[in-house]
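A.B. asks: Just remember that this note's numbering sits 818 ahead of the position in the sequence shown, which is counted from 1.
Be aware that one or more of the hints could be misleading.
[Claimed, not checked] When the alpha-carbon atoms are kept at most 20 angstroms apart in a straight line, the in silico DMTMM-like pairs for lysine to aspartate or glutamate are as follows:
1. Lys-1077 with Glu-1053
2. Lys-881 with Asp-928
3. Lys-1072 with Glu-1050
4. Lys-854 with Asp-1038
5. Lys-1077 with Glu-1050
6. Lys-1072 with Asp-1062
7. Lys-1072 with Glu-1083
8. Lys-1056 with Asp-1098
9. Lys-1085 with Asp-1038
10. Lys-1066 with Glu-1050
11. Lys-1066 with Glu-1083
12. Lys-886 with Asp-844
13. Lys-1072 with Asp-1060
14. Lys-881 with Glu-857
15. Lys-886 with Asp-926
16. Lys-1072 with Glu-1053
17. Lys-886 with Glu-943
18. Lys-1072 with Asp-1058
19. Lys-1077 with Asp-1060
20. Lys-881 with Glu-891
21. Lys-1066 with Asp-1098
22. Lys-854 with Glu-1053
23. Lys-1077 with Asp-1038
24. Lys-896 with Glu-943
25. Lys-1066 with Asp-901
26. Lys-881 with Asp-926
27. Lys-871 with Asp-844
28. Lys-871 with Asp-901
29. Lys-1066 with Asp-831
30. Lys-896 with Asp-844
31. Lys-854 with Glu-882
32. Lys-1077 with Asp-1058
33. Lys-871 with Asp-831
34. Lys-854 with Glu-1050
35. Lys-881 with Asp-844
36. Lys-1072 with Asp-1098
37. Lys-886 with Asp-928
38. Lys-854 with Asp-901
In case anyone wonders, no lab produced these hints; they're calculated from the structure.
Since the model is a prediction, treat every value here as computed from it, not as a measurement.
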Amino acid sequence: MIAYNKPIPQAVDLHIFTVGVSTYVDSSRNLTFASKDAEDIAQAFSGQTSHYKTIYQHVITNKEANLKTVLQELEQLKNTSVDDEIILYFSCHGLLDDQLNYYLAMHDTDFEQPQSNGLSYQVLETALAQIPARKRLLFIDACHSGEVDKSEIELEQNKPLSNTTIRMRAKSGNYTLQPKMGLRNSFAYMQTLFSNVTKSTGTTVISAAGGMEFALESKDWNNSAFTYAILEGLESKKADLDQDGLVKISELQKYVTFKVHQLTEGKQVPTTRHINRSNDFLIYRY
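All chains, full assembly: derive it from the sequences and hints.
C.D. replies: See the structure below:
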C-alpha cells in the first residue's frame, strides 16, 4: 500500500510566537532556561520552510517580554487567514491572585499582585478567540506558583531524585500566597482552566505542570523538562508514534507526557485533556 499525505495548500502560513522570561525586575524570581526555551522552540518549528508559504517567527524574551509587547503581538495574529497555523509558547512563572485568576508573569510583573503587568489568562483566552486561524496550539511551560502551601512543597522537595542535577523551577521566597487549595485540587483546577480555553476558543493547550509550585529543569537538558521533551520528541522522531513521517498534536502530547514523567521520575506531570479530534492537525513533518 502506498501512503499518500495530502499536501499543505500553498497559501498556508505558519505563525510562531514564543515568549520566555528568565530575568525579572524582582531578580529573586529569575529562572535559568526560560528565555532559551522560547528560542529553542521557535527554532525547532521554523525549520519546516518547505511545508509553508511563509513562516513568521516572533521571539520575545526577558526585558522585552512585557504585557504591552505581548498584547501587540497577539493583536497582529488577527491578520491571519482561516487556514493558517499558529504555534504559541510561553515559558515563565504562573501565578494565581486571591480570586483564582491565573496570570503568566512578564518581566515586570508584581508577584504579590499579578494583575499588575501580568498576562491574564482570561485576556489570553479572549485574544485567541479573536484569531481567524483555526489551527492553534498553545504551549505553557509555567509553574503554578500561588496555591500550594509550604508543607506540601516541602513534602515534594524531600522526595529524592536519583539525578541530582535536576532542580525546581520555583518561585523563590515565601510560599504563602492565597488560596492554598492543595496539590490535588489545584491540579484539577488547572485541568479545568485549560480545558475551558480549548472548548471556548478551539485552541489546544499543552501545559508543563499541574498544581505544583514548580516545574523542573536541569543542566543535563539545557532546558526545562517540558521543553526538552518537546524538542527531543520532534528532533529524534520519537513523537512520531505511528512512524508515518508526520506528528499530530495528539502524538506530541502523548510523548511529552511520557517523557516528562520519565525525566522527573514522576515529580512533574504535564496537564492533559482530550484533544479535539476534529482539529488534531499536523504540527511537524519529516
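A.B. asks: Please go over all the hints and tell whether each is borne out by the structure.
C.D. replies: Hint check results:
1. Lys-1077 with Glu-1053: holds (14 angstroms)
2. Lys-881 with Asp-928: Cα-Cα ~14 angstroms, so holds.
3. Lys-1072 with Glu-1050: Holds, at roughly 13 angstroms.
4. Lys-854 with Asp-1038: holds (14 angstroms)
5. Lys-1077 with Glu-1050: holds (9 angstroms)
6. Lys-1072 with Asp-1062: holds (16 angstroms)
7. Lys-1072 with Glu-1083: Given pair Lys-1072, Glu-1083 holds - Cα atoms ~17 angstroms apart, limit 20 angstroms.
8. Lys-1056 with Asp-1098: holds (18 angstroms)
9. Lys-1085 with Asp-1038: Holds, at about 17 angstroms.
10. Lys-1066 with Glu-1050: Holds, at about 15 angstroms.
11. Lys-1066 with Glu-1083: violated (26 angstroms)
12. Lys-886 with Asp-844: holds (19 angstroms)
13. Lys-1072 with Asp-1060: holds (12 angstroms)
14. Lys-881 with Glu-857: Roughly 15 angstroms between the alpha carbons, so the hint for Lys-881 and Glu-857 holds.
15. Lys-886 with Asp-926: Given pair Lys-886, Asp-926 holds - Cα atoms ~11 angstroms apart, limit 20 angstroms.
16. Lys-1072 with Glu-1053: holds (16 angstroms)
17. Lys-886 with Glu-943: holds (16 angstroms)
18. Lys-1072 with Asp-1058: holds (10 angstroms)
19. Lys-1077 with Asp-1060: holds (17 angstroms)
20. Lys-881 with Glu-891: OK: Lys-881 and Glu-891 at ~15 angstroms, within 20 angstroms.
21. Lys-1066 with Asp-1098: holds (6 angstroms)
22. Lys-854 with Glu-1053: holds (17 angstroms)
23. Lys-1077 with Asp-1038: Within the cut-off at roughly 15 angstroms; holds.
24. Lys-896 with Glu-943: holds (13 angstroms)
25. Lys-1066 with Asp-901: holds (16 angstroms)
26. Lys-881 with Asp-926: holds (8 angstroms)
27. Lys-871 with Asp-844: violated (42 angstroms)
28. Lys-871 with Asp-901: Status holds; Cα separation ~12 angstroms.
29. Lys-1066 with Asp-831: Holds, because 17 angstroms separates the two Cα atoms, which is no more than 20 angstroms.
30. Lys-896 with Asp-844: Roughly 33 angstroms between the alpha carbons, so the hint for Lys-896 and Asp-844 is violated.
31. Lys-854 with Glu-882: holds (14 angstroms)
32. Lys-1077 with Asp-1058: Holds, because 14 angstroms separates the two Cα atoms, which is no more than 20 angstroms.
33. Lys-871 with Asp-831: holds (5 angstroms)
34. Lys-854 with Glu-1050: With Cα atoms ~15 angstroms apart, Lys-854 and Glu-1050 stay inside 20 angstroms; holds.
35. Lys-881 with Asp-844: holds (12 angstroms)
36. Lys-1072 with Asp-1098: The given pair, whose Cα atoms are some 13 angstroms apart, holds under the 20 angstroms limit.
37. Lys-886 with Asp-928: Answer holds: Lys-886 to Asp-928 is near 15 angstroms, not above 20 angstroms.
38. Lys-854 with Asp-901: violated (30 angstroms)
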